[in-house]
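Enquirer: The listed protein sequences derive, respectively, from chains A and B. Offset between the first sequence (1-based) and the numbering used here: plus 5. Offset between the second sequence (1-based) and the numbering used here: plus 9.
Because the hints were derived from the structure by calculation, they are not lab data. Some clues are possibly wrong.
As the list claims (entries may be wrong) - Going by beta-carbon spacing under 8 angstroms, a handful of chain A positions derived as facing chain B:
no.	residue
1	N35
2	L36
3	I68
4	G69
5	L74
6	E77
7	F78
8	V81
9	R210
From a predicted model like this one, the values you see are computed outputs, not experimental measurements. Idealized CB from N, CA, C, for every residue including glycine.
As a plain string of letters, each chain reads:
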Amino acid sequence: METTTSFDLNRAIQQWRENLAQSPAFRSENLNELESHLRDSVATLQTSGLSAEEAFLVAANRIGKGSALEPEFGKVNGQTIWLDRLFWMLIGYQVWGFVSGAIGLVTGNAFLLGLHGVGYDFKSHGHTILAALFTLVHLAGFAGSLALCWWLFYRKGKRFGRWLNRLLYRRATWVLAFVTLYLLSLSIPLISGGTLTLLITAVGRETVGEIVLPQSYSSIIMHLTTPVVFIGLTLFLARKRLRVSQA
Amino acid sequence: MLTKELVAASTVPLVLSVLTQGESYGYELIQRVRELSGGRIEWTEGMLYPVLHWMEDEDLIESEWREAETGRKRKYYRLRKEGRKALQDEQQQWLTVHETLTKLWKPQPRLT
Numbered sequence: 006m007e008t009t010t011s012f013d014l015n016r017a018i019q020q021w022r023e024n025l026a027q028s029p030a031f032r033s034e035n036l037n038e039l040e041s042h043l044r045d046s047v048a049t050l051q052t053s054g055l056s057a058e059e060a061f062l063v064a065a066n067r068i069g070k071g072s073a074l075e076p077e078f079g080k081v082n083g084q085t086i087w088l089d090r091l092f093w094m095l096i097g098y099q100v101w102g103f104v105s106g107a108i109g110l111v112t113g114n115a116f117l118l119g120l121h122g123v124g125y126d127f128k129s130h131g132h133t134i135l136a137a138l139f140t141l142v143h144l145a146g147f148a149g150s151l152a153l154c155w156w157l158f159y160r161k162g163k164r165f166g167r168w169l170n171r172l173l174y175r176r177a178t179w180v181l182a183f184v185t186l187y188l189l190s191l192s193i194p195l196i197s198g199g200t201l202t203l204l205i206t207a208v209g210r211e212t213v214g215e216i217v218l219p220q221s222y223s224s225i226i227m228h229l230t231t232p233v234v235f236i237g238l239t240l241f242l243a244r245k246r247l248r249v250s251q252a
Numbered sequence: 010m011l012t013k014e015l016v017a018a019s020t021v022p023l024v025l026s027v028l029t030q031g032e033s034y035g036y037e038l039i040q041r042v043r044e045l046s047g048g049r050i051e052w053t054e055g056m057l058y059p060v061l062h063w064m065e066d067e068d069l070i071e072s073e074w075r076e077a078e079t080g081r082k083r084k085y086y087r088l089r090k091e092g093r094k095a096l097q098d099e100q101q102q103w104l105t106v107h108e109t110l111t112k113l114w115k116p117q118p119r120l121t
């Protein structure tokens, strides 16, 4: 009946399909059609005496690599490609928002409590120094969040993307993903409220007023500067992706 | 072998013409055209499927996923009324080119 080799046709086809699915140029319907084509081709080749593995290799080779198919499909699926770009931009924005928010909160509050720990007198030194220090800490946190996101998408990008891709295709994980994302987005205000309460009990109500003012100066500076970097980065990435798809 | 430009120009009329003989799917279309052309027209998948999808967007053809005799699902393409009309136009144009070229290539009677 079957050959004794451990070649699994269905698995090979599945892998071939997942490879193509990496590109936004293909809609899932396109992939269904190409898969159906591949299976027809394999079946014909098998009747002419090739083994399943040989037939698969020949048929896959005939259809061509994703890089050859992609621009052709990309032409008809332009809208899908832009939706895909928007989708990834939104995901990127949310990931970055979460990472930078969390890092900013943790570093900012750790810095505050640390100052309090070493016995810094919040009342006597004035606002300028404290605001400058806050801004420095926040800038460091911002740089750290960019570095972390870069690492996540570029260094681990492939593995992370493939993992996310596989996850999103399983319907059961949708609920889990939803709950996790909800908890993640909830965690920022929770950390923020929690540490504020901690701060008030630690340094006393009156001192908190002295801290909050320079903190809000720093926050104004941060919110004026970070979007510039972020928008620049987004435009740069969009241009890069555009150039890739035109080639 | 046809040039890239000629393949691009002739794909739509060829698909429309094959589909006048009844519905078909991508793999079969490629086989059919290869057979009819004696192996001289060799379509690639990367070329054909986007063209089919474009023709569907233009309402020239319509498609349907259906279970084939093999038990697997296949996407079948069928001609639409607009497609028939487009084919008539194409036919006119291709025949014009064909007639003109044949006249030019016929051995000319010498006048002297």
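Enquirer: Does each hint fit the structure? Answer for all of them.
Expert: Comparing the hints with the structure gives:
no. : hint : result
1   : N35  : holds (7 angstroms)
2   : L36  : violated (11 angstroms)
3   : I68  : holds (5 angstroms)
4   : G69  : holds (5 angstroms)
5   : L74  : holds (4 angstroms)
6   : E77  : holds (5 angstroms)
7   : F78  : holds (6 angstroms)
8   : V81  : holds (5 angstroms)
9   : R210 : violated (66 angstroms)
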